[in-house]
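Number of protein chains: 2
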Amino acid sequence: MSINLAFKALSDPTRRKILDLLRERDLTAGEIADHFQMTKPSISHHLSLLKQADLVWDERQGQHIYYSLHTTVFQDLMKWIIPFQHNGTERNEAE
Amino acid sequence: MSINLAFKALSDPTRRKILDLLRERDLTAGEIADHFQMTKPSISHHLSLLKQADLVWDERQGQHIYYSLHTTVFQDLMKWIIPFQHNGTERNEAE
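Protein chains in written order, with this note's numbering: chain L, 1 to 95; chain W, 101 to 195.
Fair warning: there could be bad hints in the mix.
Unchecked claim - Cross-link-like lysine-lysine pairs, in silico, DSS-like; alpha carbons within 30 Å at most: (1) L/LYS17 to L/LYS51; (2) L/LYS40 to W/LYS151; (3) L/LYS79 to W/LYS179; (4) W/LYS108 to L/LYS51; (5) L/LYS17 to W/LYS179; (6) L/LYS8 to W/LYS179; (7) W/LYS151 to L/LYS17; (8) W/LYS140 to L/LYS17; (9) W/LYS140 to L/LYS51; (10) W/LYS179 to L/LYS51; (11) L/LYS79 to W/LYS117; (12) L/LYS40 to L/LYS79.
As the list claims (entries may be wrong) - Taking CB as the label site, the calculated pair distances span: (13) L/GLN52 to W/ARG125: 29 to 39 Å; (14) L/SER44 to W/SER102: 40 to 50 Å; (15) L/PRO41 to W/ASP120: 16 to 26 Å; (16) L/GLU31 to W/SER142: 37 to 47 Å; (17) W/GLY130 to L/ASP76: 26 to 36 Å; (18) L/ARG25 to W/PHE136: 27 to 37 Å; (19) L/THR39 to W/GLY162: 47 to 57 Å; (20) W/ARG125 to L/GLY62: 34 to 44 Å; (21) W/ARG125 to L/HIS45: 24 to 34 Å; (22) L/PRO83 to W/GLU159: 34 to 44 Å; (23) L/PRO41 to W/LYS140: 41 to 51 Å; (24) L/GLU31 to W/GLU159: 46 to 56 Å; (25) W/ARG125 to L/THR39: 15 to 25 Å; (26) W/GLN185 to L/GLN52: 50 to 60 Å.
No lab work stands behind these hints: they were computed from the structure.
The beta-carbon is built from N, C-alpha and C at its ideal position, and this holds for glycine as well.
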């Protein structure tokens, strides 16, 4: 299930930072790697998990492969989380 | 980081179903276990991960420990996801 993979992918701070970078613009793996003190294979692994979770897409543009955000899955996650923002049961206890 | 644990906790469908059940009302571990074909220790393990992620709280009421939703962390997750709902870069390509 894609929602499982998506939540799993978001549980890692490096992957969340990659997504943050992609909010600005589409980037190649090399451009992404420049933002991290990490080997390129490590970054590739993170990108692969983000792709599996359908949170990012890759697309060849000339000589380069560009990664971009795929916003649909984020919308699905939002729809799942929204009902939990407010608790259905009224609570009177001090929290 | 709590947000890492929270996303990790949400990546499992059993744990998401437990959270769904707790939207209705606070429940004991036994009441939760009744909804699953799973051993009580397995359910306890899932509850423990949900507690570590601060997505649920437990509270003793008389002889029983009741689990309840802790909505604050869901709000934090929402705040993180919201900016990703719409892609900053305009796309003209057919998707």
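Handout entry: Structure versus earlier hints - violations, ascending order
Key = Of the numbered hints given earlier, those the structure breaks are 2, 8, 9, 12, 14, 15, 18, 20, 21, 22, 25, 26, listed in rising order.
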